[in-house]
Amino acid sequence: MTDQKHATPLLDELEKGPWPSFVKEIKKSAKSPMVQDLLGQLERSYSEKIGHWKHGGLVGVQGYGGGVIGRYNDLAEEFPGVSEFHTVRVNQPSGWFYTSDALRTLCDIWDAHGSGLTNMHGSTGDMVLLGCRTTELEPIFKKLTDAGFDLGGSGSDMRTPSCCNGMARCEWACYDTMAFCNDMTQTYQDELHRPAFPYKFKIKAAGCPNDCVASVARSDMSVIGTWRDEIQVDQAQVKEYAKKLNIERDVCGRCPTKCITFDAAKSTIAVDDENCVRCMHCINAMPKALAPGKDRGATILIGAKAPIVKGALLASVLVPFIKMEAPYEDIKELIAAMWDLWAEHGQNRERIGEFIQRVGLGNFLEQIGLDPAPEMVVQPRTNPYIYYNLD
Amino acid sequence: MSAPVAKRKTDIGPPHYEKFLPPVIKENYGKWKYHEIPQPGVLMHVSESGAKLFSVRAATPRLLSIETLRLFAALADEFTGGYLRFTSRNNVEFLASDESKVAPLIARLKKEGYPVGGIGPGITNIVHTQGWVHCHSAASDASGVVKSLMDELMPHFERSDLPAKVRVAFACCLNMCGAVHCSDIAVLAVHRKPPKINHDTLHKTCEIPSTVAACPTGAIRPATVNGKQSVEVIEEQCMFCGNCFTVCPSMTMSDPENDGISIWVGGKVSNARHEPMFSKLAIPYLPNNPPRWPEVTDAVKNLVDTYAKDARPFERLGEWIERIGWPKFFKMTGLEFTKYHLDDFTHAGESFKRSAQLRQSRE
Chain H
153 MTDQKHATPL LDELEKGPWP SFVKEIKKSA KSPMVQDLLG QLERSYSEKI
203 GHWKHGGLVG VQGYGGGVIG RYNDLAEEFP GVSEFHTVRV NQPSGWFYTS
253 DALRTLCDIW DAHGSGLTNM HGSTGDMVLL GCRTTELEPI FKKLTDAGFD
303 LGGSGSDMRT PSCCNGMARC EWACYDTMAF CNDMTQTYQD ELHRPAFPYK
353 FKIKAAGCPN DCVASVARSD MSVIGTWRDE IQVDQAQVKE YAKKLNIERD
403 VCGRCPTKCI TFDAAKSTIA VDDENCVRCM HCINAMPKAL APGKDRGATI
453 LIGAKAPIVK GALLASVLVP FIKMEAPYED IKELIAAMWD LWAEHGQNRE
503 RIGEFIQRVG LGNFLEQIGL DPAPEMVVQP RTNPYIYYNL D
Chain W
45 MSAPVAKRKT DIGPPHYEKF LPPVIKENYG KWKYHEIPQP GVLMHVSESG
95 AKLFSVRAAT PRLLSIETLR LFAALADEFT GGYLRFTSRN NVEFLASDES
145 KVAPLIARLK KEGYPVGGIG PGITNIVHTQ GWVHCHSAAS DASGVVKSLM
195 DELMPHFERS DLPAKVRVAF ACCLNMCGAV HCSDIAVLAV HRKPPKINHD
245 TLHKTCEIPS TVAACPTGAI RPATVNGKQS VEVIEEQCMF CGNCFTVCPS
295 MTMSDPENDG ISIWVGGKVS NARHEPMFSK LAIPYLPNNP PRWPEVTDAV
345 KNLVDTYAKD ARPFERLGEW IERIGWPKFF KMTGLEFTKY HLDDFTHAGE
395 SFKRSAQLRQ SRE
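Residue numbers (this note's numbering), protein chains in the order written: chain H, 153 to 543; chain W, 45 to 407.
Just chain W, same shape as in the assembly:
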């Protein structure tokens, strides 16, 4: 007789969140009255009962070693009764009910190299993807660009000194795992050459009908190459989206010479004031220049600085551009307007100006 097999535990889902809530949250759940930002990087929530919760927000690079997670756990034990959370933009937050813990906690976080900030009208952490660290379709690294950018933008993380929040996001290909398409500043890595087809392996690794169907512009058709079943690409019709590579590993997109970075501006997801909107193309291409991507950091700094000088309080980047108009945006930023800024895909016509309402200038 065989030994009884222990029943395999499946489909239990995540632990219930109540297990992880500090007492001050359990006691005041749904009873918060208002909040203030007593100092950069700190939220003070006040309950109807008068109870207070102090959340101290610190930056992380998102890619974290378990050594650092254990450090965060130890800091939580020392300062906040063991309670902490992470934010939707990859910051860590320590949840203190005792105000006297806030200052020493901030000092420790800074000493350990995790800057405190990211709340209010400034630049918080950059939501980003895996890049060369762990992705097969990356047209650039993600972590390296983000690190280079935040080294430059960090004053706006620590000081919240902009007219409104500026949400920056990075995606390493058009799959946009970081869903950058609705960010104030979206940094998007792009491929710019048609897929390279490996005809020797394609018939073994790819299903030809689904590969053909994957192309949004119908640029792929079945073909026999060197006696093997394969596909061919009508290159003039290719817009380098990488859909084919997603379903067919034998159609690779990566190209060290031609891959690079595009920059998009003026998107938002919040409903506050203006409705949510997509980011729009500002810069079609900048070179991949590791390890510090200076062209990209200069471009983003220029966008932030130009916005900061001219925007009015509460005006998000996209709202500022709507007020001044795109011609002035290109003039003020010194960016070139090119044929690549004119949409030519599914919703192309929606972005064309169909009126004579233009801000004319004298010169």
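Next comes chain H alone, as it looks inside the complex:
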């Protein structure tokens, strides 16, 4: 291990314990003078209980407005190694699959031009290269694109779409999430790299209602796989599960619409599919016995976000069911209609969910050419102040 330039008694405490240590990771990269000063500055934060990074600055690669987050410290004289310590977001391959060769290529680029520290991955889904100087950005970009990689999104643009591993490794995938995610990413390269929206726009693709990518909480457009026909049942396997699982209590008893019943005498189940809300619980509990139906597609929900600016929102239903078939022309038309409206009428830093709150879902639907549907609400309004328009 390289000798340390700064003592780090507080951080050293976090090398102890069974969970993998981020301090050990930082120290593994300590041959870089940047990382030496990162350790010093972080130790300072631990002792003073305050961060030492300044607000981001405008840095990037030529022709792009996103993909690089400027980062400067406020202790440049003491820790000059991290006076510029920018983040590079590298668009991940769909489903976060890599080969060892691809990983090593990325490591070589980062070894030559940056701190050697990464996040696998950032919150939106990108591979995050953590810490480099402004002068290195163009050389990094050149090498990344030569190796077949590109930058992800940042700022008020379409952020890097992400998805679960879908049909690559899951029997519950109701559509090909990785194909869809890749298609969206490639179709909207301009919107991804050149911020031109009122605020960020995230797309996340989940193959089934388990939503392993948290799309309903974290994406402006959430595409969640579902099905229209009957749950597939293998009664022989139900009998096997009956030996080890309390089906009556833990499967039927937990069904949100009580649409599944268990015949203990025969050890079989029956599903009232008309009342099934496709929650996945019974399928999760008995994966060998039950499977989503065969007429598969997705539900599109709109408008999820974290609290900034006016409060957090979960996404709400926009399209109750849609078949998911490449090249996804119907979804692209829908996206174009939403972006046109929001780009023209959205306020600065207004996510599409907040925009809908402000203009009203009814008006929003009218403008993008969708009909209102009862699936979009928990219940119709109870408030009688109705904006009737009689023209």
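Hints were generated in silico from the structure; no laboratory data involved. Ideal Cβ placement from N, Cα and C applies to all residues, glycine included. Treat the hints loosely; a few may be bogus.
As the list claims (entries may be wrong) - The calculated lysine-lysine pairs, modelled on DSSO-like cross-linking and capped at a C-alpha distance of 27 Å, are: (1) W:K53 to H:K484; (2) H:K294 to W:K397; (3) W:K375 to W:K397; (4) W:K375 to W:K353; (5) W:K345 to W:K154; (6) H:K395 to W:K77; (7) W:K75 to H:K440; (8) H:K475 to W:K70; (9) W:K53 to H:K352; (10) W:K77 to H:K410.
To be verified - According to the in silico footprint, chain W covers these stretches of chain H (three or more CB under 8 Å from chain W): (11) 202-210; (12) 309-320; (13) 417-424; (14) 456-463.
Position chain W relative to chain H; hints supplied.
What follows is chain W alone, placed relative to chain H:
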């Protein structure tokens, strides 16, 4: 004549994922029939053809050096034909088609210090943000809190011994890059004092109209201070969200004495059983106490232990609380219910109890 300039490659997007899929996945894409968890940390997917894929999941601290990435690449070469992936919760997964590789791979991962687990009803990796390592608006560190928590919670990572999964997430300010707001247990760092305004720099660094517009409660108005254009904050109206700092660097929020950590419970994103729901406030404030944040780790352990003792199989933390009711939740956890638990922002009234349906108790 100048030399021809090579065309700059842009907008190529990420490499196509097919390049990175192991043969067993390419051959069985869309044909998986079912899966089992043969042992903690291992998923076995079985295809209609009978082919099997073994995914071995190991923890990472998310912040990874290229030395460790090269180690993962070498392990993939040795055990899984060079194929691996990362999960939405920052674990690494090695994708083996040969079952005989699973045991030696697990042994190596453990030897290298990367515990194997995180599948099924337990606690997997904590989704988190940058904290003091790399963020300008952090009210706490992220990696240090996560490391301290997972050192304590690791048995639930390796054993999957809880009634249902408990998703824990950490965000270092209300921007919530980790979108913690729908987690079983959300650890959220908070500021608690109004912004400190640097009137000497504000007119140079900030656009005053957009700074005024950034405030969700209308607490900021233009002002002239010492002859310079600036803003003032109606402090009683400030709820410490940090929106102003996001658009105006001269309004800093960080405060070593008063920043700290809040804890929220009972959110989920999955549609299984109960619909997705937000996390609700359990603990309004715990102090920032680096390097190990003992108050935070004790609080989270208490929540997990209380839940584990009383919840029924398949019941997520939020579902458990809905069954027993919030009064009993506060009683069982020993947490204080305060005025901070009462919402007073946009959707305030939605959380008020508007019926007399209460679980009364005799004492």
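Comparing the hints with the structure gives:
no.: 1; hint: W:K53 to H:K484; verdict: holds (26 Å)
no.: 2; hint: H:K294 to W:K397; verdict: violated (59 Å)
no.: 3; hint: W:K375 to W:K397; verdict: holds (18 Å)
no.: 4; hint: W:K375 to W:K353; verdict: holds (14 Å)
no.: 5; hint: W:K345 to W:K154; verdict: holds (24 Å)
no.: 6; hint: H:K395 to W:K77; verdict: holds (21 Å)
no.: 7; hint: W:K75 to H:K440; verdict: holds (14 Å)
no.: 8; hint: H:K475 to W:K70; verdict: holds (23 Å)
no.: 9; hint: W:K53 to H:K352; verdict: holds (25 Å)
no.: 10; hint: W:K77 to H:K410; verdict: holds (26 Å)
no.: 11; hint: 202-210; verdict: holds (count 7)
no.: 12; hint: 309-320; verdict: holds (count 5)
no.: 13; hint: 417-424; verdict: violated (count 0)
no.: 14; hint: 456-463; verdict: holds (count 6)
When the structure is compared with the earlier hints, violations turn up for hints 2, 13 and for no others.
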